[in-house]
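Protein sequences appear in the order of chains U and A.
The first sequence: position 316 = 316 (the working numbering), numbered continuously.
The second sequence: position 574 = 994 (the working numbering), numbered continuously.
Note that these hints are calculated values from the structure, not bench results.
C-beta atoms are modelled at their ideal positions from N, C-alpha and C, and glycine is treated no differently.
Don't take every hint at face value.
[As the list claims (entries may be wrong)] Footprint (simulated), chain A over chain U, 3 or more residues, beta carbon under 8 Å:
id : region
1  : 89-97
2  : 100-112
3  : 120-130
4  : 146-160
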Amino acid sequence: MSRPWRLLTHRGRFFVLIGLIVVLVAMAAGQRDVMRLGLLLVALPVIAAVLVSRARLRMSCERSIEPAQVPLGSPMKGQIILGQDGILPAGILLLEDSVPRELGTQPRFLVDRADQSWRRVVEYPLLGRVRGRFSTGPLTVRTVDPFGLVQLDRRFVATSEVMVTPRIVPLPTIRTIGGGGSTGEARPHRVGVVGQDDALVREYRQGDDVRRIHWRSTARWGELMVRREEQAWDPSASIVLDSRSSAHAGRGMQNSLEWAISAAASIGIHFLDDGFGIEIYEADGPMNITGTMGQHSSASQELVISRLTDLRPRQTTTIHHAVESATVDRPGQLAIAIMGRMNAQDANSLLRVRRNRAQGLAMLLDIDTFADEPSTEQQRVQHELAGQILRDNQWRVIDVPRGMGVADAWSALEQLNTAA
Amino acid sequence: MRASDRSAIAVTISVMLACLTVTPLTQDPGFVGLSWVLITAIGATSLGLRRIRLTNGVVLSAQVAILLFYSLALSLTLVSPTSDLGTPWFEHYASLWGAGIEHMRTQASPMEPDDGVKLIFVTVIGMIMILTDLLVSGVGRPAWAIAPPATLFLVPALGLSTDTGVISFCFIAIGYLAILIAEGLNTTARWTRGLSRDSAEGFGTAMPVVWRAAGYLAVPAIVGTIVLGFALPTLSLPGLGFGTGPGGNGPLQLTDPTLDLRRNLLQPEDRDVIQYQTTAPDGVYLRLASLPQLNANGWSNVQIQLESGQSLPAIPGLSSEPGERQTTTIQVLDFSSQYLPLPYAPRTYEAEGDWRFDANSLTVVNAGRRAQDLRRLTYSVESVNIEPDSSELNDAVAGTPADAAVTAVIPPDLPDSLVQLANRITADADTPAAKAAAIQAHLRSNQFTYSTEPLPGSGYEALQNFLLRDRQGYCEQFASAMAMMARVIGIPSRVSVGFLPGERDEEGWKVSIRDMHAWPELYFANHGWVRFEPTPASVTGTAPSWTVQNEDSAESDPSADPSSEPTADELSPGTAPSVAPNEQPNVPGQGVNARGGRTLVGAGIALVLLAILAAPATLRVRRRSGRLNGEGPAEEQVEAAWAEIRDTVLDYGGSWPEGSPRAIGDEMAHRLDEEESESMSRVATLVERSRYARSFDHGGSMNELPAMTSEIRRGVAAPADVRRRVMALLFPRSLFRRTPREP
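Only chain U is shown next, with the shape it has when bound in the complex (with noise of 0.2 Å):
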């Protein structure tokens, strides 16, 4: 009660108000059955106010959220369980949960048992419709009397954390990708590039070249080893993503630059995979994927996928960090890029990444089908430009419209290739 003023509403408030008015004039003026309605006008909001505050919530909850991680799209459940142990306040309560206005409504029920101890689970549908991460609850219970004339909101502090990735497809292998370069092998070869030293020998085996005995590694064993292959080249592809917000246009969703983090994180987990490094490059610079060496690829697919989540529309209006910070590290077998509405400009500063990779593939986004409303004639010539000054450079370019699918495009590149 150290507030009660702060327990009613503004019709609680209003009743105290006029009841005292009412009360007071009644009572001046000798009117003994008008001043009862007074009375109880004050007498509601008081009763209930001190009914309000005197009850103490005996309640527990446990909440969840299944599954944590979900891409871009997906639903998820929310679970509340409630637990009540004790008698009920004289009073409503109203349980709502904040969720955020990405992931769907707010849940509200009530409780709607008088019974001592129960236990009651909820559950509610999210859905994940903006890439990143949030967090649901705390789970809000109101404690309000039928007459609404108090309010008193009271807080449990869990909360469920829940992280809305990019869409992530399974993409064919283009056999002709892996080898352009400098060996004749379409895979490289799965390499152990985690552990100590010694991980790179292994046990003499019948057949083993005697010039690959590792004698170091004998002398310690005890037997032989032999060292393992060793690759001749560093597979790797550089992902140039166009996160630039003036690239894009679209809704929600269907927002093209969704389409492209979901592309390059398709074929980030690819190459992955495939046992290649790879390093993705947006408008602001480096995503430093693969910073350290010798982690382990399933480290570098959480790690693409946690930085994609996160990565939001930058305002940069060049592609000039992206290019610069591409151009500066090592050289590799791949350039890839996803790129939303281009120019010319863009287009030149995109041939330096090739310059010393092998191969250069590029995904132009067909903005037009995304926006809502058409581009300016001038920025559809520019963006053909582009687009053409990319194929004149021995780039394998693809148009990608709205509604076709990630794997779709890949493949697509693939057969521009055979077709080439």
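Position chain A relative to chain U; hints supplied.
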């Protein structure tokens, strides 16, 4: 059940209960059933039309249409006194309304049954229903739904002098709570959303919890209200009252019997209303009530204290009660009144029902104020006749009755013309009885004509019209004129209302409705209240013997004897004091003192309230003037000015920054306009110097300090709105907040 259904049902229940609260106004509870039909119809309309989601406008029009139709249909089944079968329906409807209004105007509650009143009640209750439904379902403001039913509740609560009682309050309270609970149910029903699975069974409904919570809350609230309602005192401050009468156990305010007087005199058909057999040879005047109070509104009742019992106390003012008692057996026919018609002065009576008497006036009143109880009542009474001997009366002085504070008061605002007339008429008479006889003779003279159509007017105006202008009137005018003039010349007086003795036949006496009558009673020492009869002989027959002095004084007509006019002023001051040398002058004084005392108490309480309200402002203003008086050492002045600025900022709801004087000065200067911010910086510098400088050198700006402080105060106040300013004046926050001591 949908939300709109709940609201409509709750509103219907609420208004049904509310219409029970007006039943004390009338003796005919028939309107309740008719109203309930209408309420149900309107409620069902609301329910049905809102169910199919029609707009408010459509629902409202439908409800109004139902109300009009029902009201008109009802009017066709009712009988209007002023229209017959031939009159068109609209005239019939209008005449019913007119009759109802006239009935309400002339009747005291509880009113006798009347079709017009019934029509009005039903129609008004229908309107209340529509309004309530509009508030709850139409505009969605259920909290306001107390207003229309409370209007019904307030009519008897304010209009009747008695407490309407707990039951009536419970009707209103329960009805209102029903509306609020309906809203609570609607709110909770809307609450649940967005769930895919719920292990609880009652998915989304919380009826039991809501009802349980409502019970926990409403029962203590209503019980507590009722208990507190009895426990809390009511003050009845003079001048503050509204409505009539107290809510508690105070004295009873009775209806004014003169309201019926003219109506009964004008009854189109004369009918017998009372039969009686009496041992008195000439029949008896049957008195209903006496009106002791004279003021600008004319003669009226005062509140009386009722006592129960069959034997009445001593007759006021009568020194020796005559041994001979008259026994009268009275059968009341078709007549109803709160008052029991009795001959004056009654000694004992036997009547069925709860009848109580007032010791002062010896009137007997129905305790439940149910006028119907008198109808068809047969009762008997023993009484003595007050028939003083003419010569004895002539020697008697005007007495001082127990209720002299009322019956002997000459209203201070009584028009001079009436006072002069009274003095002029009685100038020639030397004893009180002679003066009274002179007044009566004047009124019975042929200057005055009996007419039931006097000039309109009320109070003093009616008296002036009657006495000075058209000189036409009926018994009420004659009686009140005589009683008024008797009072002017120093005889306590009152106007009694009742019946003339009526006509005698072989079985007894028959009193008809047109025998209703009013007469003055004058108070003489040792004789008590003595009846006079100023109404002309054409109606009342000859005047009582004791009221006629002799032929000379009866003929003393001022207009016929112009010479008496100049002498009137000279004589009256001499005669009146000689009549009642000791008693008369102090009587008005007491009344004034009593009234003055109550006014003083009221004014005192008002003053105390005002003083409490003004106390914070006074303290604050005194503190300010003490700070800015420019006296004392320079350092203290600077500190005082600084504190004043701080308090001003707090008063206007601002926050006082923390930090050194300079920092505070900078912060404050940001908030102020240019000029004031400059002053603020200067004051801050002064404070800094006075606090920290080794020797305080104010550089001559001490003289400007009060002016600068005032300027800053204006600057602080400038952006505040009116409410904030008033609050800053009346409830300065700096007074109530413990300000942190500055270092």
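- request: Taking the numbered hints from earlier one at a time, note which ones the structure violates and give those numbers from smallest to largest.
  value: Nothing - there is no hint that the structure violates, so all of them hold.
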